[in-house]
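Number of protein chains: 2
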Amino acid sequence: MPLLSQRSKNIPASPIRKLIPYAEGAVKRGIKVYHLNIGQPDIHTPEVALNAMRNLDKKVLEYSHSAGYESYRRKLAGFYRNAGIDISWDQTLITTGASEAISFAVNSCLDYGDEIIIPEPFYANYNALASIAGVRIVSVTSGIEVDFALPPVSEIEKKISEKTRAILLCNPNNPTGYVYSAGELDQIRELVKKYNLFLFSDEAYREFAYDGQKVVSAMNLKGIEENVILIDSVSKRYSECGIRIGVLISRNKEVMSTVLRYGQSRLSPPGLGQIVAEASIDTPPEYFTEVNREYLARRNFIVDALNRIPGVRCPMPRGAFYTMARLPVDDADKFAQWLLEEFEYEKQTVMIAPGSGFYSTPGLGRNEARIAYVLNIGDLRNAAMVLEKALKVYPGRTQGDGSSK
Amino acid sequence: MPLLSQRSKNIPASPIRKLIPYAEGAVKRGIKVYHLNIGQPDIHTPEVALNAMRNLDKKVLEYSHSAGYESYRRKLAGFYRNAGIDISWDQTLITTGASEAISFAVNSCLDYGDEIIIPEPFYANYNALASIAGVRIVSVTSGIEVDFALPPVSEIEKKISEKTRAILLCNPNNPTGYVYSAGELDQIRELVKKYNLFLFSDEAYREFAYDGQKVVSAMNLKGIEENVILIDSVSKRYSECGIRIGVLISRNKEVMSTVLRYGQSRLSPPGLGQIVAEASIDTPPEYFTEVNREYLARRNFIVDALNRIPGVRCPMPRGAFYTMARLPVDDADKFAQWLLEEFEYEKQTVMIAPGSGFYSTPGLGRNEARIAYVLNIGDLRNAAMVLEKALKVYPGRTQGDGSSK
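Residue numbers (our numbering), protein chains in the order written: chain A, 1 to 405; chain B, 1 to 405.
Just so you know, these hints were derived from the structure itself, not from any lab.
Same chains, same names: a pair is fine if it fits in one copy or spans any two.
With a cut-off of at most 25 Å between alpha-carbon atoms, the simulated DSS-like pairs for lysine-lysine come out as follows:
#1 LYS59 <-> LYS32
#2 LYS389 <-> LYS32
#3 LYS253 <-> LYS194
#4 LYS9 <-> LYS163
#5 LYS389 <-> LYS347
#6 LYS193 <-> LYS158
#7 LYS392 <-> LYS32
#8 LYS347 <-> LYS32
#9 LYS193 <-> LYS9
#10 LYS32 <-> LYS58
#11 LYS28 <-> LYS75
Computed from a prediction, not measured in an experiment: that's the story for all the values here.
Work out the full structure, taking the sequences as your base and the hints as a guide.
Next comes the structure, spelled out in structure tokens:
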């Protein structure tokens with residue numbers, strides 16, 4: 001049998017998805033699994049989007065332009081202008097999810113062995129995407145002790161080497177729910193300018209901000225217009241994760257002509273998804289009001305419920321629909337697997353995303369887990385109750401202050 | 001402004017798509033462009049597939065499994081068994097087009113700097129996909145003089161170095177329309193076995209074979225079951241290029257667990273496309289009879305029409321819906337651009353895919369072009385007539401025997 005590549009051994013299995021076989025096993029044993037592990041909202045996709053499929057009048061499901069349908073790109077530029085981000089349609093390239101946009105940005109701007117700075121914990125798939133592109137993630141740690149705020153800029157500056165080509169921010173943040181302040185972003189802007197770096201800004205959760213928090217887009221940071229690449233997606237905005245439609249936006253012409261060549265290598269982004277995404281721009285504003293109200297209630301519920309569990313610490317996230325909680329366990333990876341394999345409470349259990357996969361520094365996040373509040377409050381209530389019961393009997397239980405048992 | 005990566009400079013613009021701006025310019029000048037350049041069929045997508053969208057009853061367009069919906073994979077395995085390819089559903093991974101399947105296969109099996117042997121001319125995007133993965137294509141030339149048959153196996157064996165990890169075949173071939181014989185495939189089988197290589201077999205045109213030609217799938221070559229990775233797509237089979245649904249199939253368990261990790265890095269393949277592709281499996285057999293009859297008539301028409309043009313030589317392709325023709329021109333890249341920028345005949349012109357982009361050996365294919373017969377015969381007749389007129393007045397006209405003017 002021929003040997004597989006060495007590099008393929010470095011691609012981490014998704015820490016969120018690698019537990020799926022255990023979850024499937026639990027379901028087969030008749031156990032109800034509450035999925036707190038994945039950012040798959042239960043929120044309905046807007047009717048206007050679904051109707052675009054039901055009214056489909058095409059005879060041929062043909063390739064689109066490699067940068068996406070022009071009609072969608074024009075309408076999307078209008079959407080961003082309405083959101084205060086002034087761009088033109090030819091500064092957009094439609095991608096197969098935000099994942100592809102990240103991959104195009106990394107390949108276009110970084111060579112093998114180059115470095116990208118990312119505050120950790122970070123979206124777990126950045127590890128896989130960086131590994132596939134052969135670039136090195138240099139992390140700066142945002143601790144749970146400071147509610148995952150950006151570390152002091154001096155800490156970030158220390159990490160810049162001659163191989164550093166870019167900084168990647170996810171704002172609002174997955175997995176922490178943190179929303180970067182204008183002041184924090186201004187410090188990043190100074191660094192980007194001083195060291196002539198690219199700034200990749202993953203803003204897939206822009207519409208999800210609470211408590212009056214404003215999300216400042218990196219596209220609106222002055223003086224670094226040529227440095228910023230915006231990564232975005234319709235997945236969360238309209239609950240359309242499955243259609244795999246993202247976008248890469250930049251005012252840098254060289255970036256746009258380069259990413260187009262990457263885009264041509266895969267011919268075109270998904271056509272049906274583009275039709276749905278284009279129709280989604282007409283989603284009535286009340287949809288978002290309703291969705292935000294719902295997530296706010298869920299957040300308030302789950303953060304309170306988690307903090308009531310002895311030994312659990314959960315900061316208050318201001319955006320997205322995740323929270324990163326510290327659990328009184330020896331190893332959240334083991335705990336997550338144990339929940340699915342060995343535990344049940346009245347035929348119910350909980351699936352969580354272990355924290356370690358969201359860090360690149362070995363050992364960090366071992367007693368943390370990302371909790372997605374994408375279930376209704378009734379389910380969240382049951383899930384929190386089941387989690388509390390589980391923590392009472394889990395053999396690797398600790399005190400919860402981060403010290404070992 | 002920060003500098004882009006060095007590697008991004010090596011990604012070739014698609015030779016098929018790079019002419020699009022000139023075509024758009026021609027259209028703006030009121031000129032009708034006959035698209036012989038791209039494999040976008042005008043054949044209607046099956047009704048059963050379109051109805052799957054019109055009857056969509058989902059409330060949430062959710063992520064699928066990273067390997068695709070289980071229901072689709074199970075049904076797809078049945079489709080292959082009916083086609084004489086005996087596989088089980090867990091030997092499939094649904095991809096975002098065949099492009100992604102190729103990319104997953106290359107990354108899983110080859111490291112940076114490793115070599116893959118491909119008969120040229122080959123599908124132009126292999127150049128881009130190999131370049132993105134940092135692997136080197138080593139080509140063996142199939143000449144137009146022998147109607148693009150596989151070169152003698154001794155020629156291929158000479159190209160094998162210690163860095164060779166795989167052979168890639170496209171069968172039926174894009175761009176030549178050549179269908180590999182059982183004897184040719186058996187020679188490849190011997191090489192693959194002798195040197196313990198992977199065999200990537202791109203069979204996206206399997207259903208398009210004429211003159212009683214049988215397409216032998218690489219999955220049915222004995223003794224190399226662990227070496228073969230089948231790349232396939234619904235794009236051409238059902239005229240569904242835009243939905244971006246392909247598949248990677250292998251009996252090698254290590255391959256399947258590795259490609260799954262690549263799949264997890266992009267979460268899931270397009271969901272709506274999977275629903276359409278799953279429904280497409282119920283396409284009635286008459287659809288294919290009709291489509292094959294249509295392509296056969298088109299092939300017979302266009303090959304005859306091209307060979308009637310003085311100085312043009314066009315072999316008879318036995319599969320797919322392309323033919324690679326030699327034109328009496330100095331440089332088909334210049335000629336293709338000239339057709340769009342400077343030529344018109346009664347407000348019509350023709351768009352062709354220049355041959356050079358289908359070769360990796362510099363200088364080859366300069367007087368060749370890929371012609372896709374994806375238009376109806378009326379349009380093909382006009383296109384051939386316009387091409388003949390153009391060749392009469394093109395300033396870079398040559399004798400057509402491959403010698404310069």
